[in-house]
Amino acid sequence: MRLPLFRDGHAGPSLQELINYLVMRLIDILRISIKVLQKNFLRTLLTTGGIAVGIGAMIYLVTMGLGLEELTVGSISKSDALLTMDVNPGPNEIKPIDDSTIKTIKSFDGIVGVWPRRTLSAKANLGEKKTDITIIAVSPSFLQLEQTKLVSGRLYHDDDEQSMVVSSGFLKVFGLPTKSTPLVTFKVEFTGVNSVKETVVIDTVNNFSVVGVIEDESAVVGYLPLNYADTLNYDYDNYEKIKVKVDSVKELQKVKEAIVARGFSVVTVVDKVEEVESVFKWIRYILGALGIIAVAVASIGMFNTLTISFLERTKEISIMKTLGATDHDIWRFFMWEALILGLLGGIMGIVVAFFGQQLTMLIMNILAGLVEDGHVVKIFYTPMLVLVEFLVFAMAIAFVTGFYPALRARRLHPLDAIRNE
Amino acid sequence: MYKVEALTKSYGEGSAYNEVIKDVNFTINSGEYFLIIGPSGSGKSTLLYLLAGLETPSRGSVHVRGQDIKFFDQNTMATFHRINIGIVYQSFHLLPSFTILENVAFPLVLQGLRTKKREERAMEVLQRFGIDALADHLPSQVSGGQQQKAAIARALINMPPILLIDEPTGNLDTKSSQEVMDIIEMLHKQGGRTIIMVTHNTEFIKYSTRTIHIIDGKIYDKPSDIPSSSSPDLETMNLMEKIKANQDEDIDEFMINPFDKM
Numbered sequence: 000m001r002l003p004l005f006r007d008g009h010a011g012p013s014l015q016e017l018i019n020y021l022v023m024r025l026i027d028i029l030r031i032s033i034k035v036l037q038k039n040f041l042r043t044l045l046t047t048g049g050i051a052v053g054i055g056a057m058i059y060l061v062t063m064g065l066g067l068e069e070l071t072v073g074s075i076s077k078s079d080a081l082l083t084m085d086v087n088p089g090p091n092e093i094k095p096i097d098d099s100t101i102k103t104i105k106s107f108d109g110i111v112g113v114w115p116r117r118t119l120s121a122k123a124n125l126g127e128k129k130t131d132i133t134i135i136a137v138s139p140s141f142l143q144l145e146q147t148k149l150v151s152g153r154l155y156h157d158d159d160e161q162s163m164v165v166s167s168g169f170l171k172v173f174g175l176p177t178k179s180t181p182l183v184t185f186k187v188e189f190t191g192v193n194s195v196k197e198t199v200v201i202d203t204v205n206n207f208s209v210v211g212v213i214e215d216e217s218a219v220v221g222y223l224p225l226n227y228a229d230t231l232n233y234d235y236d237n238y239e240k241i242k243v244k245v246d247s248v249k250e251l252q253k254v255k256e257a258i259v260a261r262g263f264s265v266v267t268v269v270d271k272v273e274e275v276e277s278v279f280k281w282i283r284y285i286l287g288a289l290g291i292i293a294v295a296v297a298s299i300g301m302f303n304t305l306t307i308s309f310l311e312r313t314k315e316i317s318i319m320k321t322l323g324a325t326d327h328d329i330w331r332f333f334m335w336e337a338l339i340l341g342l343l344g345g346i347m348g349i350v351v352a353f354f355g356q357q358l359t360m361l362i363m364n365i366l367a368g369l370v371e372d373g374h375v376v377k378i379f380y381t382p383m384l385v386l387v388e389f390l391v392f393a394m395a396i397a398f399v400t401g402f403y404p405a406l407r408a409r410r411l412h413p414l415d416a417i418r419n420e
Numbered sequence: 000m001y002k003v004e005a006l007t008k009s010y011g012e013g014s015a016y017n018e019v020i021k022d023v024n025f026t027i028n029s030g031e032y033f034l035i036i037g038p039s040g041s042g043k044s045t046l047l048y049l050l051a052g053l054e055t056p057s058r059g060s061v062h063v064r065g066q067d068i069k070f071f072d073q074n075t076m077a078t079f080h081r082i083n084i085g086i087v088y089q090s091f092h093l094l095p096s097f098t099i100l101e102n103v104a105f106p107l108v109l110q111g112l113r114t115k116k117r118e119e120r121a122m123e124v125l126q127r128f129g130i131d132a133l134a135d136h137l138p139s140q141v142s143g144g145q146q147q148k149a150a151i152a153r154a155l156i157n158m159p160p161i162l163l164i165d166e167p168t169g170n171l172d173t174k175s176s177q178e179v180m181d182i183i184e185m186l187h188k189q190g191g192r193t194i195i196m197v198t199h200n201t202e203f204i205k206y207s208t209r210t211i212h213i214i215d216g217k218i219y220d221k222p223s224d225i226p227s228s229s230s231p232d233l234e235t236m237n238l239m240e241k242i243k244a245n246q247d248e249d250i251d252e253f254m255i256n257p258f259d260k261m
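Protein chains in written order, with numbering that gives the first Met the number 0: chain A, 0 to 420; chain B, 0 to 261.
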């Protein structure tokens with residue numbers, strides 16, 4: 000049987016034949032590319048190793064950025080905090096918070112509770128010593144929602160009288176130990192401003208006891224129940240701020256909008272989370288940029304390998320062309336070779352990053368073991384999507400670096416290498 | 000089948016201008032064993048490459064079955080190489096990282112044939128040439144004669160109607176040369192193929208159906224047509240051939256296959 004000299008006049012292939020033909024050629028081209036990579040095993044290994052280190056470094060740094068963010072945001076947004084918002088008076092305090100405000104907010108759907116806060120000024124006395132103190136009058140729930148941590152003692156109850164929680168800074172002023180609840184009582188003079196702007200004592204309470212201590216060396220603050228503060232000889236109508244808790248995150252935005260619409264300003268934890276996220280986005284970019292340097296170095300190595308591979312194989316390419324390989328076939332051989340290198344480099348990069356993470360955690364564990372009460376936090380967060388993105392990225396690098404050598408191979412004249420002999 | 004008209008090939012310009020093929024005209028009929036004989040540097044390989052469409056003529060044309068191959072686009076040329084012609088080189092030009100079987104089957108890869116089918120076909124051809132036992136060897140692991148047989152097998156795998164052969168025995172010892180000559184003779188007689196061969200080996204003249212001579216890029220039908228001013232004259236050439244044939248055994252030691260070193 001002889002094949003026709005030219006195909007003119009012969010029926011073309013059916014669609015199925017054409018598909019079979021294209022699939023077969025793709026498989027064969029892949030096989031040939033793999034064969035070439037196998038033949039130059041050491042060079043393949045070193046090139047993919049270079050890519051792996053670059054991609055691995057990027058994954059390591061980016062997942063560390065994500066991990067740190069997760070850690071910070073996680074601690075902010077834990078438990079009730081996400082469902083809580085702080086309501087402050089409107090801009091320039093033209094819209095003060097009073098009892099009617101609280102009543103209005105309580106009437107909204109999905110409200111779990113509303114806790115106002117007043118700030119008073121006072122002077123505390125212990126024997127001869129005397130100091131100015133800021134008194135914050137809130138219910139214990141307010142402090143719980145703020146995740147206030149006590150170093151000693153307990154929070155007061157709503158109906159406690161003449162009991163307060165103080166900052167360690169307050170105890171320090173009186174020369175008392177700051178890590179334990181003192182067994183002394185203070186005389187507290189609540190002060191206010193009279194009509195001629197003079198500070199005057201409004202109410203005096205002897206025998207104020209301390210039930211708990213908050214660690215805050217820098218502030219001289221005392222907290223006491225709002226119910227008790229209301230019994231004092233004060234005539235303030237307005238609150239400094241209020242805490243509002245809703246029953247679900249879904250309600251949060253609705254309630255926030257309703258309050259803002261009434262002229263108040265509202266801060267939610269979600270806002271803070273977004274703020275932190277934007278900071279970490281930049282950290283991630285910086286860490287990613289460091290990784291890009293590593294990848295750039297690896298890319299140059301890969302470009303070098305593919306160019307050498309082309310120069311070494313000009314004769315092979317020539318022979319293939321004289322046997323009927325089209326320029327496009329040659330281009331595909333080279334591009335697949337590059338893409339396989341990129342894919343292998345990407346997969347190895349994930350492995351490198353994994354070992355890097357494990358090694359870091361191991362070192363942190365050992366260091367934590369040396370410190371009393373040390374505990375290890377997970378500083379890496381590796382979502383699947385990030386890994387997929389990096390695999391695609393590795394192949395994109397391969398495509399870019401492989402393009403020029405493939406183009407040179409494509410343009411090579413069939414006789415360029417053969418003629419020289 | 001082939002019609003060559005006013006074919007000229009030159010390289011370089013100005014003072015570097017060099018005309019390798021000079022206004023050549025000839026025709027080759029279907030089924031011919033056509034021999035182009037000439038000494039080294041006479042332009043015979045360039046002429047073969049022009050016939051194969053691997054070189055582009057500077058002037059003139061090469062027609063195959065009425066079509067000027069100069070005007071083939073890239074894909075038509077690739078198809079022409081894949082299906083219509085088989086090329087055999089002096090230096091075999093096997094793919095060094097492919098086994099003998101893979102080398103022979105390679106044109107079928109380009110054709111898109113399934114692995115099983117192309118291996119079967121390649122094995123058939125290898126068996127025909129008695130080198131099927133070497134199927135899994137790399138070219139560097141077999142002798143020059145065996146490599147040339149594999150190269151011929153590769154050129155034949157697509158059963159092309161035209162076989163272009165460039166100095167097939169140039170790198171072979173006497174015994175292998177004879178085997179290769181016999182194979183080509185068999186291909187001509189049994190297959191009825193058009194065989195076009197360029198060589199400086201006058202031994203082939205007895206097998207060919209027609210011989211032309213090429214000296215300094217010009218074609219002569221008979222040795223007597225060659226002007227005496229041309230060098231070297233055919234007599235000297237024949238003499239050199241005979242001397243060379245006697246020394247083949249010794250020379251073979253120095254004929255190193257370029258792939259062997261890789």
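In short, the hints are calculated from the structure, not lab data.
Incorrect hints may have been included.
[Unchecked claim] In silico SDA-like pairs for lysine to any residue, Cα to Cα no more than 20 Å straight-line:
hint	chain 1	residue 1	chain 2	residue 2
1	B	217	B	62
2	A	240	A	129
3	A	314	B	137
4	A	34	B	111
5	A	314	B	95
6	B	188	B	202
7	B	221	B	24
8	B	174	B	186
9	B	115	A	30
10	A	34	B	95
11	B	69	A	325
12	A	129	A	161
13	A	105	A	252
14	A	38	B	141
15	A	249	A	268
16	B	116	A	25
17	A	34	B	62
18	B	188	B	178
19	B	69	A	25
20	A	38	B	136
21	A	38	B	202
[Said to hold, decoys possible] From the structure, some residues in chain A lie toward chain B, with a derived Cβ separation under 10 Å:
hint	residue
22	31
23	313
24	314
25	328
Virtual Cβ for every residue (Gly too), placed ideally from N, Cα, C.
Hint check results:
Under the criterion of a C-alpha separation no larger than 20 Å, the hint pairing residue 217 (chain B) with residue 62 (chain B) is consistent with the structure, at around 19 Å. This hinted pair does not check out: residue 240 (chain A) and residue 129 (chain A) have alpha carbons roughly 28 Å apart, beyond 20 Å. At roughly 17 Å between alpha-carbon atoms, residue 314 (chain A) and residue 137 (chain B) fall within 20 Å of each other, so this suggested pair holds. For the hint linking residue 34 (chain A) to residue 111 (chain B), the alpha-carbon distance of about 18 Å falls within 20 Å, and the restraint holds.
In summary, the hint linking residue 314 (chain A) to residue 95 (chain B) is supported, as the alpha carbons are separated by about 10 Å, within the 20 Å threshold. Between residue 188 (chain B) and residue 202 (chain B), the direct Cα distance comes to roughly 18 Å. Compliance with the 20 Å bound is thereby established for this hinted pair. Of the supplied pair hints, the one linking residue 221 (chain B) and residue 24 (chain B) holds, its CA atoms being roughly 14 Å apart against a limit of 20 Å. Taking the CA atoms of residue 174 (chain B) and residue 186 (chain B), the gap is near 19 Å; set against the 20 Å cutoff, the hint holds.
At most 20 Å may separate the alpha-carbon atoms for a hinted pair to count; residue 115 (chain B) and residue 30 (chain A) meet this at roughly 14 Å. Between residue 34 (chain A) and residue 95 (chain B) the alpha-carbon distance is near 12 Å, which keeps this suggested pair within the 20 Å criterion. Distance restraint check for residue 69 (chain B) and residue 325 (chain A): the Cα-Cα separation of roughly 17 Å lies within the 20 Å cut-off, and the hinted pair is therefore satisfied. Proposed proximity of residue 129 (chain A) and residue 161 (chain A) is supported: the alpha carbons are some 18 Å apart, at most 20 Å.
Between residue 105 (chain A) and residue 252 (chain A), the direct Cα distance comes to roughly 16 Å. Compliance with the 20 Å bound is thereby established for this hinted pair. With a CA separation close to 19 Å, the supplied pair residue 38 (chain A) and residue 141 (chain B) stays within the 20 Å bound. Between residue 249 (chain A) and residue 268 (chain A) the alpha-carbon distance is near 14 Å, which keeps this suggested pair within the 20 Å criterion. Between the alpha carbons of residue 116 (chain B) and residue 25 (chain A) the distance comes to roughly 17 Å, so the proposed pair stays at or under 20 Å and holds.
A distance of roughly 39 Å separates the Cα atoms of residue 34 (chain A) and residue 62 (chain B); the hinted pair therefore is violated under the 20 Å criterion. Restraint check for residue 188 (chain B) and residue 178 (chain B): satisfied, since their Cα atoms lie roughly 15 Å apart, inside the 20 Å limit. Distance restraint check for residue 69 (chain B) and residue 25 (chain A): the Cα-Cα separation of roughly 30 Å exceeds the 20 Å cut-off, and the hinted pair is therefore not satisfied. Using a Cα cut-off of 20 Å, the hinted pair residue 38 (chain A) and residue 136 (chain B) holds, with the two alpha carbons roughly 14 Å apart.
For the hint linking residue 38 (chain A) to residue 202 (chain B), the alpha-carbon distance of about 41 Å lies beyond 20 Å, and the restraint is violated. At a threshold of 10 Å, the smallest CB-CB gap from residue 31 (chain A) to chain B is about 7 Å, leaving the interface hint in force. At its closest, the beta carbon of residue 313 (chain A) sits 12 Å from a beta carbon of chain B; the interface hint therefore is violated under the 10 Å criterion. Residue-level restraint check for residue 314 (chain A) holds (minimum Cβ-Cβ distance to chain B is 8 Å; threshold 10 Å).
For residue 328 (chain A), the interface hint holds, the least distance from its beta-carbon to any beta-carbon of chain B being 7 Å, beneath 10 Å.
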